[in-house]
Amino acid sequence: MTLASSLLSALTANTGELNLSDISFASYLGDSGFGQVEIGNIIMIIMGIVMIYLAIKKDYEPLLLVPIGFGIIAGNMPYNPDLIPIGYLDVLGGQQSVFKMFYFGVSSGLFPPLIFLGIGAMTDFSALLSNPKLLLLGAAAQIGIFITLLGSLFLGFNMQEAAAIGIIGGADGPTAIFVASQMAPHLLGAIAIAAYSYMGLVPVIQPPIMRLLTTDEERKRRMKPTRHVSTTEKILFPIIAFFITAFIAPGAITLLGMLFFGNLLKESGVTRRLADSAQGSLNNIVVILLGFSVGTSTQAKYFLTTDSIKIFVLGAISFAIATAGGVLFAKFMNLFLKGDNKLNPLVGAAGVSAVPDAARVVEVEGRKYDKSNHLLMHAMAPNVAGVIGSAIAAGVLLSMVPH
Amino acid sequence: MTLASSLLSALTANTGELNLSDISFASYLGDSGFGQVEIGNIIMIIMGIVMIYLAIKKDYEPLLLVPIGFGIIAGNMPYNPDLIPIGYLDVLGGQQSVFKMFYFGVSSGLFPPLIFLGIGAMTDFSALLSNPKLLLLGAAAQIGIFITLLGSLFLGFNMQEAAAIGIIGGADGPTAIFVASQMAPHLLGAIAIAAYSYMGLVPVIQPPIMRLLTTDEERKRRMKPTRHVSTTEKILFPIIAFFITAFIAPGAITLLGMLFFGNLLKESGVTRRLADSAQGSLNNIVVILLGFSVGTSTQAKYFLTTDSIKIFVLGAISFAIATAGGVLFAKFMNLFLKGDNKLNPLVGAAGVSAVPDAARVVEVEGRKYDKSNHLLMHAMAPNVAGVIGSAIAAGVLLSMVPH
Amino acid sequence: MTLASSLLSALTANTGELNLSDISFASYLGDSGFGQVEIGNIIMIIMGIVMIYLAIKKDYEPLLLVPIGFGIIAGNMPYNPDLIPIGYLDVLGGQQSVFKMFYFGVSSGLFPPLIFLGIGAMTDFSALLSNPKLLLLGAAAQIGIFITLLGSLFLGFNMQEAAAIGIIGGADGPTAIFVASQMAPHLLGAIAIAAYSYMGLVPVIQPPIMRLLTTDEERKRRMKPTRHVSTTEKILFPIIAFFITAFIAPGAITLLGMLFFGNLLKESGVTRRLADSAQGSLNNIVVILLGFSVGTSTQAKYFLTTDSIKIFVLGAISFAIATAGGVLFAKFMNLFLKGDNKLNPLVGAAGVSAVPDAARVVEVEGRKYDKSNHLLMHAMAPNVAGVIGSAIAAGVLLSMVPH
Amino acid sequence: MSAAILLQAVISAAPDQHLIDIGIRLALIGMGTVFIGLVILSFSLPLIKRIAEGKKTKKVSENTDSMPEDITTDEIIAITTAIHAHFMKINQMEDMKLTWEMYERPYSPWRIAGRSKLMLDRAAFRQRNRSR
Amino acid sequence: MSAAILLQAVISAAPDQHLIDIGIRLALIGMGTVFIGLVILSFSLPLIKRIAEGKKTKKVSENTDSMPEDITTDEIIAITTAIHAHFMKINQMEDMKLTWEMYERPYSPWRIAGRSKLMLDRAAFRQRNRSR
Amino acid sequence: MSAAILLQAVISAAPDQHLIDIGIRLALIGMGTVFIGLVILSFSLPLIKRIAEGKKTKKVSENTDSMPEDITTDEIIAITTAIHAHFMKINQMEDMKLTWEMYERPYSPWRIAGRSKLMLDRAAFRQRNRSR
Ligand code: NA
Ligand code: NA
Ligand code: NA
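Same order as they appear, the protein sequences are chains A, B, C, D, E and F. Going by the numbering used here, 55 is the number at position 55 of the first sequence; the sequence numbering is gapless. Going by the numbering used here, 470 is the number at position 67 of the second sequence; the sequence numbering is gapless. Going by the numbering used here, 1098 is the number at position 292 of the third sequence; the sequence numbering is gapless. Going by the numbering used here, 1224 is the number at position 15 of the fourth sequence; the sequence numbering is gapless. Going by the numbering used here, 1388 is the number at position 47 of the fifth sequence; the sequence numbering is gapless. Going by the numbering used here, 1571 is the number at position 98 of the sixth sequence; the sequence numbering is gapless.
FYI, nobody ran anything at the bench for these hints, they're computed from the structure. Be careful, since some hints might not be right.
Listing some non-contacts, in silico: residues in chain B with all C-beta distances to chain C over 12 Å [said to hold, decoys possible]: (1) GLY433; (2) PHE437; (3) GLU441; (4) VAL453; (5) LYS503; (6) MET525; (7) ARG614; (8) LEU616; (9) ARG630; (10) ARG676; (11) ASP679; (12) LEU707; (13) ASN744; (14) LYS771; (15) PRO805.
Short derived list, chain B residues pointing at chain C, Cβ under 8 Å [as the list claims (entries may be wrong)]: (16) GLN585; (17) ALA649; (18) ILE651; (19) PRO653; (20) GLY654; (21) ILE656; (22) SER671; (23) VAL673; (24) SER680; (25) ALA681; (26) SER684; (27) LEU685.
Glycine is no exception: its CB is placed at the ideal position from the N, C-alpha and C atoms.
Using the sequences plus the hints, can you model the full thing?
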């Protein structure tokens, strides 16, 4: 194989000069998958297949895991990079590979704000407007970010890397990608895969922690129904919320600006067609390209490192801490709340973001203990607050850590 | 604030070198909106809020004013540009800000032709085909462009700037942006905001001028119903119209090519799905990004200049002159027309473009004096002719003025 | 005209320095279509009109021929390139023309994989899954590619050019564009136009060859009905098929990766909204821009060469050979098949790709001889196999021919 | 309020006369081109109708006779001629005439103008008849 | 399991104490900012409701009186003060206090904290009444 | 009309024999790869069906026996062998064989070819029986 490779890279050097003896089935096979395959590629391809399997069979975040899974497969198919530019970093003879062009949307930080635009255009902030105190749960769960940051420093990462890894604890794929693209591009693949994998695995990770930290009585607690929210409130919210959060965390202007812009398009009532495309075709196109690109960026030779393993371990811990943070803070808030204002601490788990999966997990867990207790709407408030919270955390890190 | 800034820009210079004493809530506050805000930003943000208010409450061109308005807010939120690239011109450590990447579609001239593609795919040229002489009203209203050009020279702008400012009088946002991006990129923000603002304000600007220049009898005049237009005519029109206009004004090939291409997709009957996307999702995506980008380009430090004020004054005048031009020319045409061929001069006001708002204003004004007199279909002819007319004017300026 | 040009290019050199005597209607006319038109432009524009006519009247691939046809018209409208950047290669004063920016999607090879994504998301591989042996017909028809490659060498093209021209025989527009963009960018326009034209003309080219090579009895032969294919099979297929084909032809990873990715989005059942956009709005947008760009790249001065004529002749031959290859191979396979397993050799003609037109031609031809004999579903198998086959052929050429 | 008056006002007060002169020329050529473009386009519309109806296109002169209800062609010529003359009066008339004469044979707008002068009379005559 | 214990563990075992120190500060400021941001946001929500309802915005103190069913403002302040104090106890308290004092007049979080301390008492009082 | 005859015609008339020689090799390898790719893919389809049906995949030899209605595997091998031999006869047979022998153990197409030769006989036998 080394022989075949060197023969053909010599060939490539003399573009246009072809030797009859170089054109053979043998050399072709050497450059095909049969000659180029390595064990790392096989491992990654299996990982991709597992992701697709989980997405289809278990319905874990399929909109993300199917594109990422197939991207992993496509990015790890063996080929000879001296002959054809295919991989997400390949440039050959001045021509970028197509996967590199797709990946530009990730590495430049362009895709995450567009995803936030779509999220804004599909999110109803009513739950949050009707129950302001639940916002605090979305703040509490961000403890996962900062503990993970410290853990990463402890494991030997530098400050930029630690900040980027920490954001995994925000349980927000686009935010994690955005921060990583600015702070630690070389870890972007591992961070993105970890963030999205654990977001998909929220229904697996959260329930045991939620049960561990709550009593049976707490889990059965019902909460007051949410109030009706007027259209005008919904229109004012994105503007005022953007103003406040951007003032406090200017580093989050790009992400939060697009989030609240999308929401204004949805709520204004006069830009329906723009909101439809923002959360429809534009969002779908970006999700396809973002997921696939993140997948292709896991080429074994760059991806299979001890750093990636550390990131996966830290990611798992950060999700657990974030969940615990939310649940425990709900219990802490209950110390100050009385009567039917008391919170069902399960709702705190939704503070991690991972919209709307974490809220759905709360609903499912709640109903395990009381079939008629619907917590979904209550959980949506910390859930969307968690998105805002992790964007603020990202903003703080982006502006405090030089990069 | 200056202290905090300089401390932290020193910090940035030594990337990776963090000092414990630099990391404090105080320095963070200095870099947050609290430390960075300036009066100009506040003025602009209020302007953005007013635009959104007008769009939602008064329904003035909401598809444009909501994105622009929110873009103004996002573009003027205070931040420290030494720490994070956010603004539409920011590049930091080789990384472009996301807003700069969005803005590329504006500064490169890429978005306007795509908007024209969408306009073509949604415009029915029947009205124009059934009443050729109304085309002349679309020509007459372009006088606004050239008078404004002269006015701009008079106020001290150079020829390139004057040409770009003049196009505001075309009442056609994409054309104004396209010309400004090629001729006077530094004025693009002000020109775009002026063009779109006055397009939104067409229902406010035009009626007094229309009333001033017409008699009661003229305003009540009814026009002959339009004739039926066959499918074949509609298919032939974009091809022949492009041929003629592109031959006469090659500078308009890009804009008119996309306009008539979009119209052919619509009328051909065999490319329905392409026309749907051209006027649907593609158009929406471009409108979102274009509006928002134009908004972000109004960063106070670049935008709040005497030039901007001059441009706004000139823009208002140009809309008034264009309206007057259209109305007066209709009256002039009536000198040559007899009997029921005579025009209702209100229809001339629609020659300014601003599709379809100007035509709607004509309908509303007409019905104020005769409830059963529907001028909308008649006004659509000069309205779409105005789009073609201002594109031709733009083409002439683009090819005659060196840039 | 030369005078006017040189005067004005002098003008352009001194940006901002305008001479009164240079600004005249005469010089303007010299730079308009009247002064700039050349016979080549007229020829190309007529060709564009003919394409649009065929697309609308005869329904020959209208989704491609309407955009290409109008692109040809827009790309060949006369203008003075010293004054305004309009053409697909123009850059003036650092500003790229809009058509050049559109064309980047073609020249970079970005659009073809996106088209393949859409094709994958709209293709049902059931026919192929239910009748594996028909795959071989999709292989056989690729003989057109390699014979054309040899023919091109014979006519004096170099190896890179010959490889790119050969792919026309694959009857697959995006593949032809992709290979040409990498191997012979200077021939891309002619190759793309030839490929799409002949794809449009499949109902004209194929029938006589099909009749020539088959007996009346063969044309009436009925084939066994296809079996039902389960959802799981359809989900597994894109993954396994990608694995196999990418291993054998790594050069095709980009194209086949997107094809099978699109198909997985369609079949997974959990990513419906992504599949809808992949085959809907995204596909439409890319088709519009790709078709139009390919059209604009036929500017007479670059396009009207003997090379283009050779390419058109070779293209016609390659379609004929590919069709013959498919039909004859079906007859050859019948030597080994017995009873009702025998193939109707008309089905072989669908092996050329040109999905789904070639399959439709088979259906129409078959019913000419037996009104109740429906071959469409049987023809779909070699038809989609032909897409895979020509992508593999492209992959081999991309990795074996240095470029 | 007329455009001409405004133009004069601008010219008289202008600080850089050279630039203003060029601007006026630009404005005249630009406005002229817009009108010529839309006039030719409006001429083409009856032609498009004819082609669409599958009839052979007869000569233009016959056209106007065979379509008594569609008088737009003549009217447009009349109007165009007037507006053209109006603009021409404003400024460097001779100067431009000189330039145009160089190009007169193939594209001269004067030929159109001349022809339309004739038509103006004819159109006025016919209109008088019709309006009875 | 508390965050403080974890932090201490990390600090004690850390290889590069300097980096860890900065990390802890970053974490405190970051977590503080997240809380402050979301607390201010949650304060603004009743305000948004008020604006939407078209009422004039009265002073905050009156607000709470006029909305007996909406006790969230007080509660939130109480909770925030507690969490704030909690974080502050962990680390370089004096150091930060010093820094903050520089900014005390216009933006000091201490003023909010101080005011909320008062409100905490009032809120607790009112809640006791309500929960009867 | 056969591909071989056309190829010979091209070769004999070619101006640059060297380039044509390379072209022929490319064509052979290319066409061979296309066939091998699609043949392997067609082999995999029954396998996909098997997996989808949830059955354990038995050995290939048993497969063909247990699926009497699905004779495509054998047929395909037969056809492939023939087309393969056809292409091989055209040109530098020995030369390629030599090259392939270097790679024989892990990926040799000869092994498939050899095996398919056997199967061809079996398939032909079985088909004769079925077609009765
Ligand atoms: Na979060
Ligand atoms: Na206009
Ligand atoms: Na093919």
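- Item | Numbers of the earlier hints that this structure fails to satisfy, in rising order | 10, 11, 15
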